[in-house]
Amino acid sequence: GQQVMQIPQYQHVQEGEDFTTYCNSSTTLSNIQWYKQRPGGHPVFLIQLVKSGEVKKQKRLTFQFGEAKKNSSLHITATQTTDVGTYFCAAQGAQKLVFGQGTRLTINP
Amino acid sequence: DGGITQSPKYLFRKEGQNVTLSCEQNLNHDAMYWYRQDPGQGLRLIYYSQIVNDFQKGDIAEGYSVSREKKESFPLTVTSAQKNPTAFYLCASSTHGTSYEQYFGPGTRLTVT
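As you go down the protein sequences, you meet chains R and U in turn. Quick note: the first sequence, position 88, residue 88 per this note's numbering, numbers continuous. When you read off a place in the second sequence, starting at 1, and then add 1000, the result is the number in this note's numbering.
Treat the hints with caution; some may be incorrect.
Said to hold, decoys possible - Only pairs whose alpha carbons sit at most 20 Å apart, straight line, appear in this in silico EDC-like list of lysine to aspartate or glutamate:
1. 36(R) with 1101(U)
2. 36(R) with 18(R)
3. 1071(U) with 1054(U)
4. 1083(U) with 1059(U)
5. 1071(U) with 1101(U)
6. 1009(U) with 1024(U)
7. 57(R) with 1101(U)
8. 36(R) with 1038(U)
9. 59(R) with 17(R)
10. 51(R) with 1101(U)
11. 56(R) with 1101(U)
What the hints assert, rightly or not - Just the calculated beta-carbon pair ranges, DEER-fashion:
12. 1052(U) with 44(R): 25 to 35 Å
13. 10(R) with 1059(U): 17 to 27 Å
14. 1060(U) with 62(R): 32 to 42 Å
15. 10(R) with 1100(U): 25 to 35 Å
16. 1053(U) with 8(R): 37 to 47 Å
17. 5(R) with 1057(U): 22 to 32 Å
18. 84(R) with 1063(U): 27 to 37 Å
Stated by the list, open to error - Here chain R is said to cover these stretches of chain U; the calculated rule only asks that three of the stretch's residues, wherever they fall, bring their Cβ under 8 Å from a Cβ of chain R:
19. 1044 to 1050
20. 1101 to 1109
Please keep in mind that the hints were generated in silico from the structure rather than gathered at the bench. We treat Cβ as the ideally placed atom computed from N, Cα and C, and that holds for glycine.
Extracted from the complex, chain R is given alone in its bound form (with noise of 0.2 Å):
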């Protein structure tokens, strides 16, 4: 079935730093949608990306779909101790979302 790899697995950062979490896949993905689970939360909705080499940036993240849409990523500049939390991406499948393993984000202040 339909996999998506998410890397890396784990992000330790100074507050202050950038992150960047990557999400791939071997086939071509109709739609990408992110979303973010803080420690001992539930995931919560980040965004959705639909277009070949889509840009969308919601403050601090910027979200990226590759242009063959078979990858996307999402960059958070000058992390905040609020950006902690586990990452996901997931590709829509038949009748399913397929969610990448997620980026555990942590920062040190």
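Given chain R's structure and the hints, the job is docking chain U onto it.
This is chain U only, laid out in the frame that chain R set:
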């Protein structure tokens, strides 16, 4: 106040007992999903339902059962056949299947000893 609720937040059971986890939504969503999350792991799909009275197995359905008798409700039963049931269980809902965002409930943390 619209949303998706799961109860209870924490659940403890003895091995060999069946247990049912509640999931209710008032978002008028057609689709509902159950995921399992183990510590430090991603989300694995257990069951999903696109419409009332219909549901499909996900990637790890063995040892679980569901029902979808009402649009608002999608309870999950963890049976004694599930070999390793201790986990964090998340319910989610969405409109029109997977082209739209999924809304997650707060989760139920099940511990079986």
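Range hint 37 to 47 Å: satisfied by the CB atoms of residue 1053(U) and residue 8(R)?
-> 43 Å, holds
Starting from residue 1009(U), check that the Cα of residue 1024(U) is at most 20 Å away, please.
-> With a Cα-Cα distance of about 13 Å, the restraint between residue 1009(U) and residue 1024(U) holds, given a limit of 20 Å.
Sort out whether residue 1101(U) lies within 20 Å of residue 36(R), counting only the CA atoms.
-> Holds, at about 12 Å.
Holds or violated: the stretch 1044 to 1050 of chain U covered by chain R, criterion of 3 or more residues with Cβ-Cβ distance under 8 Å?
-> holds (count 3)
Is the gap between the beta carbons of residue 5(R) and residue 1057(U) within 22 to 32 Å?
-> 24 Å, holds
Proposed proximity, residue 1101(U) with residue 1071(U) (alpha carbon, max 20 Å) | 18 Å, holds
Starting from residue 36(R), check that the Cα of residue 18(R) is at most 20 Å away, please.
-> Holds. Residue 36(R) to residue 18(R) sits at ~17 Å (cutoff 20 Å).
Please work out if residue 51(R) and residue 1101(U) have their alpha carbons no farther apart than 20 Å.
-> 16 Å, holds
Given a hinted range of 17 to 27 Å, is it respected by the beta-carbon distance of residue 10(R) and residue 1059(U)?
-> 23 Å, holds
Please work out if residue 57(R) and residue 1101(U) have their alpha carbons no farther apart than 20 Å.
-> 17 Å, holds
Cβ distance range 32 to 42 Å for residue 1060(U) and residue 62(R), holds or violated = Taking Cβ atoms as reference, residue 1060(U) and residue 62(R) lie about 34 Å apart, which means the hint holds.
CA of residue 59(R) to CA of residue 17(R), is that 20 Å or under?
-> Holds, because 15 Å separates the two Cα atoms, which is no more than 20 Å.
Violated hints: none; the structure is consistent with every hint.
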